[in-house]
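Trainee: Next come the chains, spelled out residue by residue.
Protein chains: 2
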Amino acid sequence: MKVVHLFSGGLDSTVALHQLIAEGHELRLLAIDYGQRHRKELDFANSMAKEKAIELKQLSFPSIRELLSGSSQTSDELGVPEGHYTSENMKLTVVPNRNMIMLSIAIGWAVSLKFDAVCYAAHAGDHTIYPDCRPEFAHAVDQLAQICDWHPVKLLRPFIELSKSQIVRKGAELEVPFERTWSCYKGLDKHCGKCGTCVERQEAFEIARIVDPTSYEQP
Amino acid sequence: MKVVHLFSGGLDSTVALHQLIAEGHELRLLAIDYGQRHRKELDFANSMAKEKAIELKQLSFPSIRELLSGSSQTSDELGVPEGHYTSENMKLTVVPNRNMIMLSIAIGWAVSLKFDAVCYAAHAGDHTIYPDCRPEFAHAVDQLAQICDWHPVKLLRPFIELSKSQIVRKGAELEVPFERTWSCYKGLDKHCGKCGTCVERQEAFEIARIVDPTSYEQP
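Just so you know, the sequences run in chain order X and V. Taking the working numbering, I'd label the letters of the first sequence as residues 260 to 478. Taking the working numbering, I'd label the letters of the second sequence as residues 260 to 478.
So here's chain X without its partners, still in its complex pose (with noise of 0.2 Å):
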């Protein structure tokens, strides 16, 4: 097939981008700045991007931050909170229907170049705190992208049913570099450890038995 895939430089991202490769597709990858307090993952996604050899477009659109606001990942204001990523202060962390503004330009760009699907990597670690990660969402947006345009295009949700620990167990299997993965929502020098991401990174290689080979602020 050929496919866009939205490509964010995080952990599931990237374990995807591998598994796509694996099956052979061909592939483009689309990077989006929205203006995240944790921009730094776009590095990370460019960086891969030139080691396998695979087309990146990189939209930058910083001032939809405006329009996207309540949100600690659009916002200077409100700080990033600390602790379990299933906890209800998570939430804080939602940008408001960040993942239909991203695919949807996914979809326009895999029509303009008649590709058949586009891929997200959203997982069912994410279905608590995130409505946009959750199976019913995927699903009306697979349904939407078959008719958005005369040419209709497939939604890959390859993860949307596993946690994370197995998308890290997949990420081993594929000799997936994970230290070369962004996850942490401060963005700073190294992974917090402390951030709703972090925490989940963390306990997603401990109950997958695999090392972590992140180097973490406070682990």
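Some hints here could point you the wrong way.
Note that identical chains are pooled: a pair holds if it fits in a single copy or bridges any two copies.
Said to hold, decoys possible - Calculated lysine-lysine pairs in the DSBU-like style (CA-CA distance at most 30 Å, straight line): (1) K350 <-> K413; (2) K316 <-> K299; (3) K261 <-> K429; (4) K316 <-> K429; (5) K413 <-> K309; (6) K261 <-> K350.
Hints were generated in silico from the structure; no laboratory data involved.
Knowing the structure of chain X, use the given hints to seat chain V on it.
Mentor: Structure of chain V alone, referenced to chain X:
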């Protein structure tokens, strides 16, 4: 209701704006510069918003043009086709997935504002050429907007079953200053009078038996 209205400065979305005002909704307006050839329409949008004293946000990311190529509206190489707006060659004016992209941003803003709905002015005359103006597309977006965030949003599409001449008639009742709306896809000094949207605009006034105040280069 509290409504984010997708407002291009064109005839349809300007009539819809007047209808929303008449219905007494609390409004915000969203205009999007996606590098369209006819971005002149945005000046009309801004001027009307100012007159009505309604907040308009203009989001600019003209670099998305690169991803949405293959349309006469986002490419300098492809000329704007002339003729009747339902002819097959008008499909060249379709911008890949444009409406899903714009609506998803509008929905994101509505979620962030905790607004009830988003409105867009697609109409029945668009169905033949524009896949993202069809009732089934609008229905699917509406379904998605209910679940893309914890805060559900509705999609209003008041003109989805109306012809353009019916919109002109409605606009006349609402005393819309039609000369302050922009349709032409060429985006030059005056309306060209020959591109699909100019032909459609002239035909709509004729069928509605309303005087067309537009100044055309070649009527």
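Trainee: Which of the listed hints are not met by the structure?
Mentor: none
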